[in-house]
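*Asks:* Just so you know, the sequences run in chain order A and B.
The first sequence maps to residues 1 to 797 in this note's numbering.
The second sequence maps to residues 1 to 797 in this note's numbering.
One should not assume that every hint holds.
Because identical chains cannot be distinguished in the list, a pair is counted as satisfied if it fits within a single copy or across any two copies.
[Stated by the list, open to error] Straight-line alpha carbon distances no greater than 25 Å define the calculated SDA-like cross-link-like pairs of lysine to any residue that follow:
#1 Lys536 <-> Val520
#2 Lys77 <-> Arg275
#3 Lys77 <-> Pro575
#4 Lys588 <-> Glu560
These are calculated hints, taken from the structure and not from any lab test.
Residues per chain are reported as follows:
There are 2 protein chains.
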Amino acid sequence: MIQHPCFTIEDWNIHEKELHLDVLAQTESIFALSNGHLGLRGNLDEGEPFGLPGTYLNSFYEQRPLPYAETGYGDPKSGQTVINVTNGKIMRLLVDDEPFDVRYGRVQRHERALDLRNGVLRRTVCWTSPVGRTVNISSVRLVSFTQRAVAAISYEVEPLDAPVRVVVQSELVANETIPDMGKDPRGGAVLPSSLECEEHQAEGTSGLLIHHTRVSGLRVGAAMDHRIEGPSETVVESQHTPDVVRIVITAPLQPGQRLRVVKFLAYGWSSQRSRPAIHDQVMAALSLARFTGWEGLLANQRAYLDMFWGHGDVEIEGDPQIQQAVRFALFHILQAGCRGEQRPIPAKGLTGPGYDGHTFWDTETFVLPAMTLTFPHAAADALRWRHSILDQARARARLLGLRGAAFPWRTIHGEESSGYWPASTAAFHMNADIAYAVTQYIGATEDRAFEQEVGLELLVETARLWHSLGYQNADGSFRIDGVTGPDEYSALVDNNVYTNLMAQHNLSTAAETARRYPEVARVLGVDAAEIEGWQKAAERMFIPYDQRLGVTPQDDTFTEHEVWDFTTTTPEQYPLFRNFPYYDLYRKQVVKQADLILAMHLRGDAFTPEQKARNFAYYEPLTVRDSSLSAATQAVIAAEVGQLELAYDYLSEATFMDLYDLEHNVRDGIHIASLAGAWTALVMGFGGARIQGGALSFAPRLPEQIKRLAFQVVFQSRCLRIEVTAQEVSYRLLSGSPLRVRHYGNELSLTITGAVTRPIPPIQAGLRPTQPPGRAPVARSSPTNKRRRHRGDPILF
Amino acid sequence: MIQHPCFTIEDWNIHEKELHLDVLAQTESIFALSNGHLGLRGNLDEGEPFGLPGTYLNSFYEQRPLPYAETGYGDPKSGQTVINVTNGKIMRLLVDDEPFDVRYGRVQRHERALDLRNGVLRRTVCWTSPVGRTVNISSVRLVSFTQRAVAAISYEVEPLDAPVRVVVQSELVANETIPDMGKDPRGGAVLPSSLECEEHQAEGTSGLLIHHTRVSGLRVGAAMDHRIEGPSETVVESQHTPDVVRIVITAPLQPGQRLRVVKFLAYGWSSQRSRPAIHDQVMAALSLARFTGWEGLLANQRAYLDMFWGHGDVEIEGDPQIQQAVRFALFHILQAGCRGEQRPIPAKGLTGPGYDGHTFWDTETFVLPAMTLTFPHAAADALRWRHSILDQARARARLLGLRGAAFPWRTIHGEESSGYWPASTAAFHMNADIAYAVTQYIGATEDRAFEQEVGLELLVETARLWHSLGYQNADGSFRIDGVTGPDEYSALVDNNVYTNLMAQHNLSTAAETARRYPEVARVLGVDAAEIEGWQKAAERMFIPYDQRLGVTPQDDTFTEHEVWDFTTTTPEQYPLFRNFPYYDLYRKQVVKQADLILAMHLRGDAFTPEQKARNFAYYEPLTVRDSSLSAATQAVIAAEVGQLELAYDYLSEATFMDLYDLEHNVRDGIHIASLAGAWTALVMGFGGARIQGGALSFAPRLPEQIKRLAFQVVFQSRCLRIEVTAQEVSYRLLSGSPLRVRHYGNELSLTITGAVTRPIPPIQAGLRPTQPPGRAPVARSSPTNKRRRHRGDPILF
């Protein structure tokens with residue numbers, strides 16, 4: 001957790017006023033730049049000190065063996081791990097024989113700011129060397145949204161009080177030493193230096209390194225070139241070894257004189273292309289970067305973001321800290337997905353090696369909803385990636401004795417990479433989650449090409465999975481036994497309600513879509529009998545209900561189990577999975593993360609308002625939120641059942657997760673899904689937005705602390721703006737043809753001619769539900785506090 | 001599986017008439033000699049060829065890391081693996097420059113016989129060397145029952161047709177190369193040569209090696225000495241290196257002349273004693289072996305076995321092959337346990353490295369019943385070992401958040417060594433199994449010293465476990481959720497009936513015994529309230545019942561699950577766990593091994609005869625017997641419900657398991673529990689013997705093929721003989737004071753004055769239940785067939 005008052009509250013910046021080395025790794029994740037293809041952690045320009053050096057290319061991984069004390073049939077033998085590729089960020093600086101290092105000399109000023117409007121990371125330093133030379137150093141770094149292979153750094157040095165001789169060593173470094181990630185299973189595996197050099201060269205101001213991985217056999221090239229502005233005496237030299245290429249710029253500087261180096265970086269990788277092809281690919285990208293130039297790259301970056309914020313911004317009046325944090329969240333979501341281009345979106349984006357760089361169900365369930373309504377092309381790309389790994393998913397289904405496709409719980413390249421099957425293979429819901437994201441995307445975009453090329457096949461193959469996984473029992477119910485739902489503190493249960501409802505949706509939308517595209521369906525081998533089978537399974541899907549308690553059990557027997565002894569569980573024992581064995585967690589009523597509550601969000605149509613309220617009241621005291629994938633969902637349902645203050649607290653938790661390191665693992669990378677949850681809590685929680693059957697509906701309602709909430713969504717080639725206050729909501733179509741939406745169930749027609757305003761109906765909420773002792777979200781009582789403290793800590797942000 | 005007609009049917013020998021190299025590893029296990037402390041696989045004297053060289057000392061192990069792809073809290077970090085210690089069996093022979101090797105030259109005759117009466121392995125060979133010299137070679141090998149550190153070999157060579165010069169190299173060899181054990185998880189881990197030499201010496205006819213293990217830090221010493229009878233020109237030399245000590249005996253032999261070498265071997269090991277202490281220990285044992293001499297060792301061996309067979313023999317009229325096999329079984333059970341002396345009894349005894357040399361619940365549940373009624377001191381020793389690891393079991397319980405003791409699923413030294421918790425940690429029933437064995441032993445022996453010193457504490461600590469593991473729900477039932485029963489094709493279920501009934505027995509006997517020994521109980525911290533708590537939990541133990549089907553479900557939801565699709569499962573797909581993922585096995589109705597059926601055996605008092613018959617009929621079609629721990633239990637219940645032909649078929653399967661390698665893994669060692677099952681099927685199945693509440697009862701009934709069954713049992717310091725024919729049963733007390741037993745529920749008084757004979761009441765059995773296709777036991781239709789073939793194969797033994 002970040003204990004310092006790190007960031008000042010600004011509308012469009014994450015601004016760090018001083019450097020704290022104890023949270024360096026965390027800030028490296030927060031200040032990471034990425035475009036979904038290339039990611040650079042916010043490491044200091046000079047390379048050291050670092051928390052964790054990191055440069056990532058989407059889907060560039062190494063393979064490693066997955067070991068087992070006792071192997072079972074179907075256990076994957078090897079896994080994939082994202083690796084730190086060639087580091088092009090390094091700009092070392094020597095000031096009169098003293099290397100610039102914040103651990104030596106005196107740092108007079110050190111500021112960093114992630115500029116959310118301009119898409120750059122700025123740094124300004126005033127440093128006095130151990131021998132007393134004072135220089136100003138500033139850098140601006142960007143990873144281009146418009147040229148996805150390209151990053152660039154503008155680096156300046158200026159002496160303040162005396163002439164100095166400076167040397168800037170601009171480098172490409174492969175096989176950096178990575179510190180051990182500790183024993184937290186959520187960290188990634190650290191592989192020893194795994195890149196083998198194929199080519200290294202340097203000439204004039206440019207240089208290049210080409211390496212390949214030892215086992216996965218991927219090839220990566222990195223190249224750099226420089227534009228140098230300095231005094232006429234400036235000298236440039238170059239050096240190259242298999243793992244380091246160095247351009248050395250030496251200049252004498254008088255006070256008032258500056259040395260400015262603009263570094264252009266280009267990356268390329270391939271599993272198939274030859275060394276010469278990769279060489280040419282990165283050199284071409286570098287040429288294009290030089291052609292665009294630093295100013296051009298900056299301008300394009302700004303233009304790209306203007307468009308993004310124009311479609312996707314969320315405005316909050318009454319809580320500037322939430323305002324800042326939600327923009328930070330949206331910026332990182334954009335960074336994670338905008339140029340992924342049919343590659344997966346990892347749980348940590350390209351900001352760190354956490355979770356081995358794998359993608360999970362998080363992407364479809366938590367990230368894509370935000371993308372679908374703000375920059376839908378990224379959602380389509382992510383789902384096209386799923387489509388591209390269908391062969392691996394089909395093979396996995398065969399291995400598991402099932403039809404259709406069984407998507408991997410965690411992967412980079414498409415093969416299952418999880419070594420603990422009760423919480424991965426058995427979590428079949430992830431297949432319905434993908435299908436759900438497909439239907440949400442299609443509903444929000446009416447992208448018929450996607451539907452026919454990609455969507456239908458994903459729906460068909462996942463429906464086939466469910467049809468073969470479940471079975472119809474003697475009384476005619478369709479049961480799905482022995483699976484694991486979202487709540488990872490239960491496993492191998494019968495009829496997990498979330499799973500069954502999502503499978504039901506999967507089966508019925510597959511049937512409906514296949515009927516609409518009979519030709520495409522025929523090519524996929526779907527006949528009328530199969531469609532009928534899906535339809536029947538969906539209709540007969542068994543959903544347990546506990547008559548005694550009057551609540552929906554999370555699964556067949558959940559409510560029969562002993563309730564976890566929360567009273568004897570100490571705050572230090574959370575997260576529980578780090579301090580208690582799974583056998584014990586599994587057999588008791590304790591919920592790691594929203595499960596039935598998530599079902600009520602995604603399949604709200606399956607519950608009455610009364611059921612939602614009762615269920616929410618039942619599960620709140622059992623839910624410990626040992627996962628970052630919970631607070632946002634709880635915020636959405638809390639808002640829906642009228643628990644607005646609680647929803648606001650959950651919103652805060654989801655929104656501040658990374659900026660204040662609430663889960664203590666931001667060092668490994670930020671939580672894209674939790675950041676998306678900030679958007680979800682606002683737009684789907686307080687905005688009450690839902691996409692159902694291709695239509696958009698809203699049921700907005702604000703907590704007291706938020707005076708005004710305004711957000712834009714992209715929907716069916718239109719852009720809408722929704723503004724909510726305590727009393728009313730106004731809907732405005734900003735672009736596109738007229739659209740019908742629902743406001744609290746009533747249809748409205750929107751045209752671009754003007755806003756439609758409606759009052760917000762009152763709601764009668766019950767008592768605020770309680771959470772397990774010590775696990776309530778921090779009550780965000782005073783919006784003027786500057787920072788978020790430890791969950792449960794009485795000093796508030 | 002052994003495909004050759006390997007063994008001739010003889011009453012007291014396992015006699016192999018010719019050598020088949022393709023089943024060498026299997027015969028090495030079958031011909032293994034052991035006394036429970038020291039075990040020698042039946043490797044050929046000359047060391048090569050071998051299937052798997054093996055020399056084991058009970059509890060002598062190396063530690064190895066247990067790897068996980070994803071570690072969970074409580075997963076053991078390291079495991080224990082039995083290792084092959086210094087091999088003292090090797091007697092190499094050179095005949096006129098040609099090493100004796102059955103793969104070269106011509107083997108004119110090769111016979112081996114395990115002599116069950118004399119406790120020796122005999123071998124006679126007539127071999128013609130590649131250059132045409134023919135010699136007779138014979139050896140007799142024993143592992144002493146009366147001197148547990150000692151083994152001995154008598155080795156003779158005699159030329160037949162021409163003078164030869166022979167060299168016998170008698171060796172001690174450490175760190176032999178072990179072949180890879182393949183990928184079957186039931187095999188053990190192969191550790192690289194793991195012994196480090198501390199001392200090696202040789203002088204005259206004797207030599208010694210002392211080594212220690214690298215990680216576990218155990219020290220082992222092996223010493224040998226020789227008595228040599230040969231022509232006067234015989235020369236003896238010695239050599240020693242850190243891993244090999246060699247005594248070389250060279251002699252010229254005329255036809256008719258013999259060279260005879262008697263080799264005495266002594267072993268010793270310790271985790272604490274110093275090198276000099278181990279040195280002296282093995283040299284002392286060697287002195288004692290020389291003092292006893294070869295003839296003395298033979299005589300003591302015979303005397304020991306005379307006593308054993310006098311107490312424990314089982315006689316069968318009508319099936320000589322079963323007769324032979326059950327004696328083979330009893331002999332190996334004796335070998336596994338007789339001199340274990342407070343060490344564990346591994347699943348494979350000391351006959352091979354299978355299952356890493358670990359002991360499991362098999363010992364208490366399947367092996368100790370036979371020991372308890374034949375050589376009860378060994379049962380006491382095995383339970384005293386359990387008592388000795390209480391500290392580790394208590395620590396494990398603490399780690400798991402439980403009170404009392406949680407015994408390890410698999411171990412050598414007491415720490416949990418299993419790396420797959422759903423089938424180990426969650427299989428808590430093993431604690432009740434230990435408690436059950438305690439009460440059976442006490443019931444059969446009235447050993448009050450044991451009861452107070454060992455028994456009560458084991459009962460108390462296991463009762464504490466159950467009391468903290470289960471919970472009383474709203475309606476007052478005591479439930480045990482989320483555990484795994486004996487059937488490893490189900491896992492993490494609620495209220496597994498076997499577990500609950502065994503826990504009930506555990507709780508109530510702990511309460512009852514604690515009340516009888518209030519002083520001892522007080523020292524163990526037991527007060528009246530705790531006893532009351534156990535009693536209440538036992539009384540309120542929840543036992544599910546399926547009203548719809550009228551059967552006892554294996555657990556709360558078992559009978560609601562889909563039935564495994566047996567029709568599409570091919571014979572090659574068994575055992576299922578090697579060809580199907582656990583997720584699928586767990587969620588369907590398919591039973592790996594007797595579970596509810598075992599509950600009906602051990603807790604027969606909890607079921608009516610009608611329930612037993614209905615339940616047996618329900619579970620038979622679901623039980624695939626993918627474990628060697630099933631057939632004997634099915635035989636017992638089949639016999640009880642009157643399915644005598646089926647019981648006979650199961651008896652055959654259990655009895656022939658190892659002799660004909662039905663499970664295809666005898667190469668790793670024999671299955672002690674399955675061998676004990678042969679005795680169980682006969683004595684508890686067809687003999688209907690049970691110990692309940694300290695009394696012995698019988699309900700004998702024979703299948704048509706067995707004309708007469710006679711067996712002896714040791715009970716409460718008496719020896720009884722029971723003879724059963726088709727019509728009647730005669731009970732005779734052979735020694736001791738009068739005893740009351742039950743015959744079909746009616747009490748009889750037995751005295752040594754004469755037999756009591758009673759008729760066998762008729763039974764009305766239903767239709768013979770069916771098994772899954774291809775999984776019926778082989779119908780043993782013709783008792784004259786010489787050998788057992790593949791299960792399902794129509795050609796019968």
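*Asks:* Run every hint past the structure and note whether it holds.
*Replies:* Hint by hint, here is what the structure shows:
1. Lys536 <-> Val520: within (22 Å within a copy, 65 Å between copies)
2. Lys77 <-> Arg275: Cα proximity of Lys77 and Arg275: none, with 29 Å in one copy and 43 Å across.
3. Lys77 <-> Pro575: This pair counts as between: shortest inter-copy Cα distance 21 Å, intra-copy 29 Å.
4. Lys588 <-> Glu560: Result: close both inside a copy and across copies, 9 Å intra and 21 Å inter.
The earlier numbered hint that this structure contradicts is number 2, and it is the only one.
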